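Please put together the full structure from these sequences, using the hints given.
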Amino acid sequence: MAEHGHVLVVDDEPQLLRALRINLRARGFDVTTAATGAQALEAASKRTPDVVVLDLGLPDMDGFTVLAGLRGWTSVPVIVLSARTDAADKVQALDAGADDYVTKPFGMEEFLARLRAAIRRGSVAGAPAESPVVRAGALEVDLMGKRVLRDGEPVRLTPTEWGVLELLVRSEPNLVSQREILTTVWGPTYVNQTNYLRVYLAALRRKLEADPSHPQHLITEAGMGYRFVR
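First residue of the sequence shown? That's 110 in our numbering, and the numbers climb one at a time after it.
Simulated from the structure, these hints should not be mistaken for lab results. Fair warning: this is a prediction, and the values are worked out from it, not measured in the lab. Treat the hints with care, as some may be off.
[What the hints assert, rightly or not] Simulated restraints, written as ranges between beta carbons of each label pair:
#	residue 1	residue 2	range
1	His323	Pro282	14 to 24 Å
2	Val200	Glu151	42 to 52 Å
3	Asp251	Leu284	22 to 32 Å
4	Gly254	Glu218	31 to 41 Å
5	Ala196	Thr298	17 to 27 Å
6	Leu284	Asn304	15 to 25 Å
7	Lys213	Ala245	38 to 48 Å
8	Ile328	Asp204	13 to 23 Å
Note that CB positions come from ideal geometry on N, CA and C, so glycine has one too.
Here's what the structure looks like:
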């Protein structure tokens, strides 16, 4: 395996696939490419990548269908790479389980920084840690095992969702500012992306709260940040 990990790039533009393959391999990544959704899902099933770069406009199926297929069995970080610039598309992609959204055209250095950050988040999400199990109502957050149970059943979280939850749980019951969450989970270039937090907290509440519209554990402090309450 290449030093920096295995990247699955999914896009139907041959020139873009070639450019990303060359740039990523030159920087030490192992690269697999796919031009269709079916090829992408087959490639991921044969060898789980460290990160997936996914275009939404594929010839055989919508990128959201590919994302749903991946999320059915893996929490691998997914970066959506799309020409769609509408905010609704970005929110839909993040809400569906993507970890980041990059619009075309893009700067290669910024893209590589986001790629490295996604791989780091994925690595942290799977790493062991010396911490207790935190119980809050029907929830059981195992910080050592990096897993969450709700009513005794496992809850599948993406690496980014886990990163947000872990930070809040470890800081409990203190308030964690929006800036701190964005900087810690996404990196310093994301400090103004407060829409990411709204999307991810909404997703976490749907997965973890009995009544997402009236959360008991993932609490918003308007204009300031969020806190975890047992």
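Checked hints:
Here the CB-CB span from His323 to Pro282 is close to 18 Å, well matched to the stated 14 to 24 Å. A beta carbon spacing of about 29 Å between Val200 and Glu151 contradicts the range 42 to 52 Å that was offered as a hint. For Asp251 and Leu284, the hinted distance range of 22 to 32 Å is satisfied, since their beta carbons lie about 24 Å from each other. Separation of Gly254 from Glu218 is about 36 Å and conforms to the stated range, judged on CB atoms against 31 to 41 Å.
In this structure the hint that Ala196 and Thr298 lie 17 to 27 Å apart at CB holds, the actual value being about 18 Å. The supplied range of 15 to 25 Å is met by Leu284 and Asn304, whose beta-carbon atoms lie about 20 Å from each other. Checked against the hint of 38 to 48 Å, the C-beta distance between Lys213 and Ala245 comes to roughly 41 Å, which is consistent with it. Against the hinted window of 13 to 23 Å, the Cβ-Cβ separation of Ile328 and Asp204 comes to about 20 Å, which satisfies the hint.
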